[in-house]
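Protein chains: 2
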Amino acid sequence: MKTYFDCIPCFIRQALGAARTLDLGDENTEKLLRQTLELAQELDWTLPPPVIARDIHRLIRRITGSRDPYLEQKIIDTELALKHLPEIERQVAASPYPFLHAVKFSIAGNAIDLGAKKGEDIDIDTIFAEALSKPVEVEAVRRLQEAAADAGSVLFLADNCGEIVFDRPLLERIGADKLTVAVRGAPTINDATLDDAIRAGLTERFAVISNGTDTPGTLLDDCSPEFLNHFQDADLVISKGQGNYESLSHLNREVFYLFMAKCNVVAGELGVPIDSFVIRKK
Amino acid sequence: MKTYFDCIPCFIRQALGAARTLDLGDENTEKLLRQTLELAQELDWTLPPPVIARDIHRLIRRITGSRDPYLEQKIIDTELALKHLPEIERQVAASPYPFLHAVKFSIAGNAIDLGAKKGEDIDIDTIFAEALSKPVEVEAVRRLQEAAADAGSVLFLADNCGEIVFDRPLLERIGADKLTVAVRGAPTINDATLDDAIRAGLTERFAVISNGTDTPGTLLDDCSPEFLNHFQDADLVISKGQGNYESLSHLNREVFYLFMAKCNVVAGELGVPIDSFVIRKK
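Chains as they are written, first to last, in numbering that gives the first Met the number 0: chain A, 0 to 281; chain B, 0 to 281.
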């Protein structure tokens, strides 16, 4: 997906939101905003939006001197999600359509996004309520379930901390034997890295690889050769989150995208209301 | 008023809004956005927000090659407002508190602002409804009425086209004999210039002067010596609109401000809900 005109003011707003979430203080906030304005001005706007998100968060790590400024919130979100995992598993297992419910919990978990929204503690009640009530295209879920059953190998592109715990019932139903989960190669916003996957207990059950980049998305140009091999060879690729959608949706390779459409630009491109649960094969 | 951090993404959003209102097309929209990013980056953020609004609209006039890109809309808004002036006058004259109602119609007319909001035709019904229903600080109106009665000379800083017609009942009640109305020195957004004041019939009743600048506000550094003399010498200055408030509120000179608080930053600074009718002496 290209960068739309409406993304430009949003980049600046996101940088300001990050500065507030991380309590950067006036001097560092001004520095971050000015450098973000410069980035946005120099950017090739035919590139996908996660390019500038990557660069903004590189600036933030440089300005704060922190390798992982969101670490504390990531640990809190992971632990909170893990506390609710048994209940999620119970609800999914008790459902007449466990795969459908697993997909809905996975997409509901996509609400845990410190990039798109202001940094707040997870509202578990809302996530549970949305997982049960938000409409999804049932036919698309059926196609995904069939594709997962038919595939010999599935690559799952993970997204954020906390969210990767909500993905767990879906990952279990796809099957550990055929699954590889890809996480970010280095900290960026609250996106899950290998350390976060370990904290979430994901590595105990599944093969987890790094995609080799610090982009809050999957820009193939930035990814490691090991990841690119997996991306090319997998029978099925499932992509979680809007950042992964934004960075991959223009490719020819068939991918199943699962995410909440969190902004007007993406919702508009897809022709769905904002905050819709999206399941798209592209 | 200084430029707040929240103003920065809003500048970019306003430039995009102007590009859409004026149908600039993709190429010119990108040019305007990139140059606005550069302006915002280089700006001294201790200056009031109308500085960048001035520069954005200078860019727009350069890009479009038009001296007055909003002219058509300004004429439409003026004619529409003039059509309703007899009814406004009738309602004000019939009110038990004509000065209060004149103030309320004047502030309600401040909704006609192609800078803060997306360009749309005036919704006359909403303006009339708000003029009748929105709360104002009656005590502040009383102080304004007394100050106007006591003053030998009153300088009224006008704001937008259409809006200056809604100011008319208030101007009449202040009195043509003591009143000077100041308009912008050159076109900027839909702000009223001398040409617009003539079209609105204002010059037939009142002394109208130019403030000598193309800023959508009143930056004294930009204003003409003639205007500055009036500003210094007037017994009472009444300032209409948020742009005038933003550019003058840090001054020591006593000014009565009348406007709708159209953005979160200004509403927050004043401690009022957004879109409140504000009457402040400062």
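Keep in mind that the hints were calculated from the coordinates and are not lab data. Don't take every hint at face value.
Distance condition first, Cα-Cα at most 27 Å in a straight line; then the derived BS3-like pairs of lysine-lysine [stated by the list, open to error]:
id	chain 1	residue 1	chain 2	residue 2
1	A	Lys30	B	Lys280
2	B	Lys133	B	Lys30
3	A	Lys1	A	Lys82
4	A	Lys1	A	Lys261
5	A	Lys1	B	Lys30
6	A	Lys1	A	Lys177
7	A	Lys281	A	Lys261
8	A	Lys30	B	Lys30
9	A	Lys133	A	Lys30
Reference listing, derived: stretches of chain A covered by chain B, where coverage requires no fewer than 3 residues with Cβ under 8 Å from a Cβ of chain B [to be verified]:
id	segment
10	26-36
11	39-46
12	84-95
Fair warning: this is a prediction, and the values are worked out from it, not measured in the lab. Cβ atoms here follow ideal geometry from the backbone N, Cα and C, with glycine treated the same way.
Outcome of the hint check:
{"no.": "1", "hint": "A:Lys30 / B:Lys280", "in the structure": "violated, 35 Å"}
{"no.": "2", "hint": "B:Lys133 / B:Lys30", "in the structure": "violated, 40 Å"}
{"no.": "3", "hint": "A:Lys1 / A:Lys82", "in the structure": "violated, 38 Å"}
{"no.": "4", "hint": "A:Lys1 / A:Lys261", "in the structure": "holds, 16 Å"}
{"no.": "5", "hint": "A:Lys1 / B:Lys30", "in the structure": "holds, 17 Å"}
{"no.": "6", "hint": "A:Lys1 / A:Lys177", "in the structure": "violated, 33 Å"}
{"no.": "7", "hint": "A:Lys281 / A:Lys261", "in the structure": "holds, 19 Å"}
{"no.": "8", "hint": "A:Lys30 / B:Lys30", "in the structure": "holds, 24 Å"}
{"no.": "9", "hint": "A:Lys133 / A:Lys30", "in the structure": "violated, 40 Å"}
{"no.": "10", "hint": "26-36", "in the structure": "holds (count 5)"}
{"no.": "11", "hint": "39-46", "in the structure": "holds (count 3)"}
{"no.": "12", "hint": "84-95", "in the structure": "violated (count 0)"}
Checked against the numbered hints above, the structure breaks hints 1, 2, 3, 6, 9, 12 and satisfies the rest.
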